[in-house]
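Position chain B relative to chain A; hints supplied.
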Amino acid sequence: MAVALRLGTSRREGSPWLPYLFLAPYLLLFVTFVAVPAVFGLWISLHDWDYMLDSQLFVGLGNYADLFDPTSVIYPDFWNGMQNTLVFTLASVPFLVALPLLLALLLHQKFPGRTFFRAMFFAPYVLGVAVIGLMWRYLLDANFGLVNSLLGTDIAWTTSQPWAWVGLVAVTVWWTMGFNAIIYLAGLGDIPVEHYEAASLDGASWWQKFRYVTLPGLRPVLVFVVVITVLASANMFGQSYIVTQGGPTQSTQTAIMVITDLGLSRFQMGAAAAESYLLALFLAVVSVLNFWLLRDRDAAQQRREARAQRRAVTR
Amino acid sequence: MSRTARNPLLWLLLTLLSVVFLGPLVVMVLTSFKTTGESQAVPPTIWPGEWTTRAYDVLLSSPDNPVLRWFANSMMAATAHALLVVLVASMAGYAFARMEFAGRRVLFGIVLSTMFVPGFIFLMPNFLILDSFGWLDTLLAIVVPGAAGAFGVFFMRQFFLSLPKEYEESARIDGAGAFTTFFRIVLPNAMPAMVTLLVLSFLANWNDFVWPLYVLFNDDSLTLPIGLTKLQGAYTIDYPVIMAGAAIASLPVLVLYVFVQRYVIDGVASSGVKG
Chain A
1 MAVALRLGTS RREGSPWLPY LFLAPYLLLF VTFVAVPAVF GLWISLHDWD
51 YMLDSQLFVG LGNYADLFDP TSVIYPDFWN GMQNTLVFTL ASVPFLVALP
101 LLLALLLHQK FPGRTFFRAM FFAPYVLGVA VIGLMWRYLL DANFGLVNSL
151 LGTDIAWTTS QPWAWVGLVA VTVWWTMGFN AIIYLAGLGD IPVEHYEAAS
201 LDGASWWQKF RYVTLPGLRP VLVFVVVITV LASANMFGQS YIVTQGGPTQ
251 STQTAIMVIT DLGLSRFQMG AAAAESYLLA LFLAVVSVLN FWLLRDRDAA
301 QQRREARAQR RAVTR
Chain B
316 MSRTARNPLL WLLLTLLSVV FLGPLVVMVL TSFKTTGESQ AVPPTIWPGE
366 WTTRAYDVLL SSPDNPVLRW FANSMMAATA HALLVVLVAS MAGYAFARME
416 FAGRRVLFGI VLSTMFVPGF IFLMPNFLIL DSFGWLDTLL AIVVPGAAGA
466 FGVFFMRQFF LSLPKEYEES ARIDGAGAFT TFFRIVLPNA MPAMVTLLVL
516 SFLANWNDFV WPLYVLFNDD SLTLPIGLTK LQGAYTIDYP VIMAGAAIAS
566 LPVLVLYVFV QRYVIDGVAS SGVKG
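If you read the sequences in order, they're chains A and B. Here the first sequence stands for residues 1 to 315, numbered as in this note's numbering. Here the second sequence stands for residues 316 to 590, numbered as in this note's numbering.
Read the hints as simulated data drawn from the structure, not as lab findings. Note that the structure is predicted; figures quoted are calculated from it, not measured. Just to be clear, a hint being listed does not mean it is correct.
Looking from chain B toward chain A, a few residues come up when the C-beta cut is under 7 angstroms (computed) [to be verified]:
1) Pro-359
2) Tyr-409
3) Val-583
Note that beta-carbon positions come from the ideal geometry of N, C-alpha and C, so glycine has one too.
Chain A on its own, in the form it takes in the complex:
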């Protein structure tokens, strides 16, 4: 921005430090609580770090090696947590990607009260996990819960498998569906109406319009939704912590629960840090795979061009 630059160096506000002054408050926070900890965490993971002790024993990659050594103390819990997280992610993501899309298609219709219903379906997401967890623990109670009563069943939702997973997935879908639906809705709004009109002129059916206009138009948004939903599911903590308390017999104990328990309850911070970095590495690989599998070469090209254009305009 040539104008800003020239004015920025005028006599009155003559300092080239000005941009850094605007950045300083945020950068101070960023360095202290993001940049430094990212590196410090790695450093911790190279130690047999015990919060209760004054000096920490350097063990190199020992903690990471332990995670791959079936005879180590931390091995069973960690991989149990990883496996549970994988189960939850695989079970929840398809519903969290598909159902909100249906909801968004419904809300994309023109009818009176549309904004009202949109706000209503998003409402559960406004509540915290502690609230919705306690609420559903009550509703899913095996003896006097409303869910069993409505379904006419006698299921131990919080203390038997596979029902514990069914319950946790359903609660998560109910809680976060509105979030993904809103993102889809915004994407639907960006698809040019002319594309639908052209398809109508060609005599396209509802399904053909969905398949050849809506889905391609929604592709970047769809990729975004898949990636963030996988990350959110892999970060699952509160639902298990409150509704099933990790049970029955640790079968819903997620990776984050294992990590926080080891690092922040039992203060074996080195091993816990190593676990968190390994999980992060897994998630990075999965995210890259998602982007790569769902990529669209034409659209990527278009985006690159659009970006180049934007850049040219802002200069």
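Below, chain B without anything else, positioned relative to chain A:
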């Protein structure tokens, strides 16, 4: 009315979905007014047969579970956090959007890339960092570290990029300094974005769970969500009391949501499209 609007199937579906999404919240509130016995009745009732405020009386007079204190803690922390986010993110977002400086591109790239770094890798190191500051078990632990997140900066930058430059340019020609221009001219025009970010940050902080669960210890320093888990331990299956706690924790965010739902939804929507 369009054809879709007269479709009875649409309205049936909307009604059904409304019951599914809001029903549990209604049951939560109704349960908080039931007797313990009725809350465990088989088959369960929905509407209380006998209304009682016992659950609220128990909650508000329990010295071991200072719910009002937790409420105040949550309110102070979420308010301070949201204000801090808006202030630092507006300034940084403005610099990234409007100012030219060495390393701008690289720096913004680094900040942005941390949006994709999962938060749990910061748990251990930030715990130790806060410990060294003496911030553990204080509200500062809830207010400050989260404000280092990249979303706010990204969000405000996007907004400033879309803001016409004329206001600032005329202000500068009139001889206003950079800070005057920013606080007097730019920020007032950025109100919608600032309110959105304020509300989103408030909600996220009010509901935050993992982090406060491990950095707050004493009964008096807890935030509401963590206090609720304590209630779960203390009252196990006295569900009216637990639901009363949950209702108290929901009230402010639901009221806030009713008034500013458009900002919340627009904020969420923009995170996908522009991202």
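Report task. So, Val-583 (chain B) near chain A? Judge it on the closest CB pair being under 7 angstroms. Result -> This interface hint holds because 5 angstroms falls under the 7 angstroms limit.
Query - Interface hint compliance - Pro-359 (chain B) to chain A, C-beta minimum distance less than 7 angstroms - result: holds, 5 angstroms
Requested in this report: Have a go at the Tyr-409 (chain B) hint: is there a Cβ in chain A nearer than 7 angstroms to its own Cβ?
Outcome: holds, 6 angstroms
Of the numbered hints listed earlier, not one is contradicted by the structure.
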